[in-house]
Structure formats: structure tokens, C-alpha cells
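Note that the protein sequences, when read in sequence, are chains Z and G.
For any residue, its number in this note's numbering is found by taking its place in the first sequence, counting from 1, and adding 170.
Numbering follows this note's numbering, in which position 178 of the second sequence is assigned residue number 161; successive positions increment by one, without gaps.
Treat the hints as calculated values from the structure; they're not laboratory data.
Wrong hints could be hidden among the right ones.
Below, in silico cross-link-like pairs of lysine to aspartate or glutamate (DMTMM-like), each with a Cα-Cα straight-line distance of 25 Å or less [stated by the list, open to error]:
no.: 1; chain 1: G; residue 1: K142; chain 2: Z; residue 2: E205
no.: 2; chain 1: G; residue 1: K98; chain 2: Z; residue 2: E197
no.: 3; chain 1: G; residue 1: K98; chain 2: G; residue 2: D117
no.: 4; chain 1: G; residue 1: K129; chain 2: G; residue 2: E109
no.: 5; chain 1: G; residue 1: K142; chain 2: G; residue 2: D164
no.: 6; chain 1: G; residue 1: K142; chain 2: Z; residue 2: D213
no.: 7; chain 1: G; residue 1: K56; chain 2: Z; residue 2: D206
no.: 8; chain 1: G; residue 1: K98; chain 2: Z; residue 2: D213
no.: 9; chain 1: G; residue 1: K142; chain 2: G; residue 2: D196
no.: 10; chain 1: G; residue 1: K98; chain 2: G; residue 2: D383
no.: 11; chain 1: G; residue 1: K98; chain 2: Z; residue 2: D194
no.: 12; chain 1: G; residue 1: K142; chain 2: Z; residue 2: D220
no.: 13; chain 1: G; residue 1: K98; chain 2: Z; residue 2: E240
no.: 14; chain 1: G; residue 1: K313; chain 2: Z; residue 2: D220
no.: 15; chain 1: G; residue 1: K313; chain 2: G; residue 2: E254
no.: 16; chain 1: G; residue 1: K142; chain 2: Z; residue 2: D206
no.: 17; chain 1: G; residue 1: K56; chain 2: G; residue 2: D77
no.: 18; chain 1: G; residue 1: K98; chain 2: G; residue 2: D204
no.: 19; chain 1: G; residue 1: K98; chain 2: G; residue 2: D85
no.: 20; chain 1: G; residue 1: K98; chain 2: Z; residue 2: D204
Computed from a predicted structure; not experimentally measured.
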Amino acid sequence: MTGAAAGRLSIVPGRCIGAGNCVDVAESHFDQSDEDATVILLDDTVEQADLQRIRRAVYACPVAAILLQE
Amino acid sequence: MTTESQAGHTDVWPFPRDARCPVLPPPRLAELRDSSPLADVSLYDGTQCTMLTRFDDVRDLLMSGNVSSDGRKPGYPYISEASRANRGGRPTIDRLDAPEHDHQRFMLAADFTVKRVRQLRPFIDELVSDLLDDMQSRGGPIDLVKDFAEPIPAAVIAKMLDLPLSDADFFLDRVQRWMSDTNDPADIRQAMADISAYLENVIDERSTGDADDLISRLVRDQLVPGNLSREQLVLTLHLLITAGFDTTANTIALGTASLLQHGSAWRELAENPDDELVDTAVEEIIRYVSVAHNSVFRLTTGPVGIGGEEIPEGRAIIALTMAANHDPAKFEHPDDIDIRRDAREHLAFGKGMHQCLGQALARVELRSVFQALPRRFPNLRLAQDLSSLTFRSSIVYGVDSLPVTW
């Protein structure tokens, strides 16, 4: 399973409020815009080793703006 | 739909805390949470509210699209006459709905991104280290609130807004008078007026020039082009100051007190202050003390399904994050502080679109504090029993002083 994609991330347009929880939990995959702090997806591929952390980031989002398809 | 309490009368919020465990939520909350998902509670003015105390329910309600935070709406619940007075009918982003809320929040959000606030870490570490040096050279006992907890957020806000640190005492006094739940409404309005006059002055001074502080940029980019009225700008700055001061300071004070009552946690942090343990401990401290105990009011704008029941439109809601954070269904032995627990899902910063704007900044401050304080003072202890101290009834929960020694 090592290296295989275990999930795919996407962002619900217009929903992010820039709270930054995703960056705090998983900066490997998320960043925030310098302009309005909204989410920038750095990598939409989630490998098995990152899955747990990414799930926490998805859950931490206060407005459910991050979707993870496993 | 809701349940009357056994005696046939309705509970009045806020409930008393247990003087023996003054940091913990009022014990009555556990009884309500055990008996039913929704409870009928009334407020000081007789407003009937539905109170939510279970973790999943509080989270779901705060994320629902059918709730309003607009404090101008008829029926919107206030905890006291003081709380009604401190808003003065002029809402800041915490009391606005979309799209006004989003518009104003996005003007501020870039200054509070995780990356931006983490750049403040060296400044905060140095500040914390200087305060600890002072403590060490003066010797115990000291008041951890006045001598350590309050100066940290004060200096950080002063830096972000480029205000003189010497004005911190002025702000702290006015913020605490403004936030009090028991203060006279006239004094609350005066405290608000004093800060507003001060801020008006600062705005005037910064209406020219190209300085890069947050106030100068808001003046240039939002006030001058007309995106934000002068009154809204004053209110927004007032919100940043009030939200940043007491929340972090009280989390430091109550968090330290709670850890010291569990000696092994303090020792563990003193001996092993690595980033991962400190991060985990900080989330647990934030959960455990849940200082923003009154930022929980909403009004339903449509039906909301909660715990198998339906709350109708137009109902005043108390979505009690503090109760959710002590729900044993979510956090095992919730009234124990366990610095190795994964508490990251706590609702202490709220949930939904109003979740705390300054949370990343709070985390940076708290991580700096709980990395340095136990290591520098591994033998820190309370110099007075917690039950003998004065706890504050305010928008934010806190303690007036916390004598500690070592």
C-alpha cells in the first residue's frame, strides 16, 4: 500500500472562512491565501501514511469546506 | 419538544459553578446533558431558550445554515443587561450573518493566518522569557495573572496594531469593565466610549502615510475607499482588542492552575517540553478551561434537527460549547485534564462560520507559554487554594488573581 493514493481532496467553492485549522493540522496539503486567508489546496492526493492527519484536518474545518473521498 | 425540570420550574442561565472545582463547568450541566438533548432554560429577562449540552448536538447546531448570530434580530438572546449594553445595538462580525460577516471577516483574516501568526513566535518567545526572568529575579509568591498572563496578549495585540505598550493598562481596565456581566450598563458604555475615543484618534493619526500595521492598512484599504464606515472600523478594532486580551490571559491562568492541581502533568511538561506534547497539552488546556463560556447564543431562522428532535424557527438557543467540551461521550473522563489526550476537536473556539478569528494566534501564544513556563518553574505551585480565589463573571471566564510560588 506504501505510496498508493488512499484518498482525494477537494474544496467546496465559496465556503471557506479562512480559520486555518487545516493548515495547523496538515500544512503538507493546505495553505492559506495571503489576500483573504482562504484555503489553497497544495496537494489533492492523500497517501495512506497521511490519511489519519488529513481526516483530522477535514474534521477540524469549522464550515465543512474540505471534502475527502477515500 | 423540550423538557421541564423536575420541580416544574425552568432553570435560569447562567448556573452556579461548584466553588470546590471553580474551573469546571457548572455541575447542573451534566444532569441536563444526561437527561435530554434539549433543555428549557430562561434568561435574566425571561427570554425562553433551548439549551444544547451534548458535543455532537452543539457542533451540529453551530454548523447549521438555519441559525443567526445577528444580535439586532428580535428575540436574540442576551445573557444580561450588561451584555445588551456592551453591544449598544452596533454589531461586530461576531454578531452579524453572511454576507456582512464574510465581507468584514475577510478584511481581517489575512493578518491571522497560521503562517502570519507563526512569524510572531520568536517575538512571543522572547516576551515570555523576559517575563519569566522577572518572576525569577523577584521571587515568589507572584500573581500569575497580573505578572505573567495578562502582559502576554497585551504585548502581542499592541505589536499587531502598533500601539504603545504603555497603553496596555488603559485597555485592560476598559476591556474588563466592558466585558463584565455584573457591571453597571452606564459604566460599560463609558468603557466602550473611552476605547472608541482612543481608537478614533489613532485612525486620524494613521489616515496619512504608508505604515504597514493592521490599523494603517485598514484605514488605507477599507476606510478610505468606503468598504468600511468609520464606526465599523472603530467597532472592528474594539473587537480585536477585547477578543484578544482576556481570552488568552485567562486560558494561561486557569490552564496553569488546572495543570498544577495534577502535579504529574506539570512535571511531564517540565521534563519533556517537545513541540508535539506541548501542542497536545495546549489543545487539552483550551478544551478543559473553555473560557469563552458565553459566546454561545444563536437564534434559529428555520427548523434545525438536533438529537432526533426538531427545534422550530425563531427559537433562542444556548449552544453550550463548555458543556460539549466536557461531554463524556466525546472526551473520556472529561473533568480530568489529560495532556496526552487528543482534544483537537474541542469546540472552545466555536464551530461554523463564527469560529474564532484569532485562534491560530492564541495557539502560538499558548504553545510558547506552556513550553517555557513548566520548564523554567518545574516546582511551581499554587500559593493559595483555588476555592479561596475570586472568579470573574464576564463574557470570558477568569480569575482576578492567581498567587503562585516555587
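Violated constraints from the hint list, given by number and in increasing order: 3, 5, 6, 7, 10, 12, 13 and 15
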